[in-house]
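Order-wise, the sequence lines are chains A and B. Numbered according to the numbering used here, the first sequence spans residues 1 to 260. Numbered according to the numbering used here, the second sequence spans residues 1001 to 1456.
Do not take every clue at face value.
If we take Cβ atoms under 8 Å as the criterion, some of the chain A residues that face chain B in the derived model are [to be verified]:
#1 96
#2 102
#3 105
#4 126
#5 128
#6 135
#7 140
Source of the hints: derived by calculation from the structure; they are not laboratory data. Where is the CB? At the ideal position from N, CA and C, for every residue including glycine.
Residue-level listing of the chains:
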Amino acid sequence: MAGLFVKIMKFLRTYRRPGYFEKPDHRWTMVVDLDRCIGCTACVTACYAENNLSVVGKEDCGNSRNMSWIRIEKYVEGEFPDVKIKFIPIMCQHCGKAPCEVACPTYATYHNQDGLNVQVYNRCVGTFTCAVYCPYDVRRFNWFSWKREKPLDEQYNPDVTVREKGVMEKCTFCNHRIRAAKDRAKDEGRRPLRDGEVVPACVQSCPSGALVFGDGLDPDSKVSKMAKSDRNYRLLEELNTDPSVIYLKRVVNDESSRQA
Amino acid sequence: MKTPSVQVNRLIMESKENSQRALYEKVNQDIVDTMTQSGSHYYLALGLSFFGFIVFWIIPWIYQLITGQGLTGLNTPSVWGIYLVNFVFWIGISHSGTLLSAILFITETPWRRAIYRSAEAMTFFSVLTAAFFIFVHMGRPWNFYWLVPLPNFRYLWVNFSSPLMFDVFAIGTYMTSSAIFLYFGSIPDLAAVRDRVTGWRKTIYTTLALGWRGTDFEWHWLFRAYTFFAVLIVPLAVSVHSIVSWDFALSNVAGFAETIFAPYFVVGAVYSGSAGIITLIAILRKTLKMEKYITPDHFNKVNMLLVALSLIWTYINILEIMTSYYANNIFENDILAYRLWTPPYSYLFRLMILLNSVFPLLLIFKKVRFSITLSVLISLGINVGMWLERYLIIAPSLSRKFLPYMWHNYFPSWIEISITLGSFCFFTMLFLLFVKFWPSVSIYEVKEDCGILLKK
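This is chain A alone, in the form it adopts within the complex (with noise of 0.2 Å):
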């Protein structure tokens, strides 16, 4: 009986998950060493530029509108003498265990072969239950479809869908380099990818190489590496959500990096 509950059990499972779920090509991974970030917001400015992010103006922005898929969180610490400022970059953390995957009713967001989490704008239909159901704020949704003006719109990236209103988005971790840079390697006959193939533009641009991406399941790539570190930590780890993106604390000449 128990055997036979077990055999229908592994059934269903092979039969509810694709074969990537077990295995995965790839687990991108990010790792922002805060030690090296400057907060100079490089990396917003190239994601707006490269994945045709909406300019929403003055107005919405004062109204937590604004379309940064990725942002410099800052933080003022104690009064005027003793100001402490504190800055961090946050991106969508491609969980392991997405809490938004689970809300989507249509599938729109759903963790694909390479282990990222995608949004599938075609098939959203804006229910925000995803951006509820994230903990760290970083889905943003199309509240109106915003125009770039005449000369403007010659700067979309063709690589990139341009979203209207009524969609969730978020950052992509660059999928659409990260699809090409797979294409290329498919057409030279090699697979997996080399560590360093595939650069998002955030990562690309920082001008001091606190971003660094790769794949997670590769034990000789930087990133895995890097993630080694004493200073490594995750964003609300506690909520077992299993982000992709690790950080690297911030070690600063006071008691608080002393502790640890």
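Chain B: place on chain A using the hints.
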């Protein structure tokens, strides 16, 4: 040869039957009159509610469809606003009609008869209003059919692990079964109406009555079918609002992820629904002149239910706060403090406690229970309080999510308030149409009150 005593007995029986027939005819005529005789006030009310529905709901909604959800007060952490509050509120209102009717039917409670029809209609119409709010809330409602598991050439399927998917099925099932329940219970009445009207009405009711003749066979099977649906609907109604609560409880957002939510929502729903019934039957009683059929005792009975539900609701509310506090999770603590102590939510919270936990305690006194004015006031208060409860769950929890950098307050914009108003107009309009197109009091069961029992 019959003995004189037998003859006398027969005479008494005959006169009794005659008087009963006259009484029955009176009941029939009274109810049919509520459907055919409408004064200028009725048309005024219908016109106003239709006007409100178009102006407050349809036109702003079309504007929102063309422009985008940006017209609302929603922003990035607070992506759920009062559209969702209204959705939960109307689903809640729907939870008493059919559920109460079914429970009272199973337990053979006599006072159910005069009020259950309008209560069931309330269920159906409020589920309809709630369902429309899903469309208003969605970013791209024209793609709604993607939430339905239709076989299609692109091999796209729906995500059955999503609580929204549960919602689609739960609400769909609930809407259909409460409509069928309402219809089954009305078939003999539709036949009674069919026999007493002329003209275009005759055609409608002939179709609707499905050739009902009132034979023993028909009564038997009607009773069987009705009992089946009554038994089906009780667990269904409980599951529907549990599922609505899982839209929130399955997330990890502090203030949403509470295990108490399913019973909390179900109790809250039945509570607000019962309060809705009080308001509704008070209006029906006044406007349709049904003082004979809907008596203060009916109010008394529903009010007793309200006291019990009020106490349970208060208990669960305390429990929710206690467990969040006791867990001592930093996020939960912050949300709790934000909700309980920070204006404007602190004022709303106190108002909610006053309306939902304190005022209904007045119903402990018999005089208050029998007083229609007071019970209407208290029930309106409960509905306001229950609306606030949903608002206090959604708005503070989302505007204070995990990362403080993204914190942003939510305040409903004009379009959200307008569509909320429009939903009340829509509900009123449906109900006004209902009282003219459907016998709003069960004729055959009211007769049971004044005569022989229903043949089963």
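Against the structure, the hints come out as follows:
1. 96: At about 15 Å, which exceeds the 8 Å cut-off, the nearest Cβ of chain B leaves the hint on residue 96 of chain A violated.
2. 102: Given a least distance of 5 Å, the restraint on residue 102 of chain A holds.
3. 105: 4 Å, holds
4. 126: Hint holds; residue 126 of chain A Cβ to chain B Cβ min 2 Å, cut 8 Å.
5. 128: 4 Å, holds
6. 135: Where the cut-off is 8 Å and the nearest Cβ of chain B is about 5 Å from residue 135 of chain A, the hint holds.
7. 140: OK, holds: residue 140 of chain A within 8 Å of chain B, min 7 Å.
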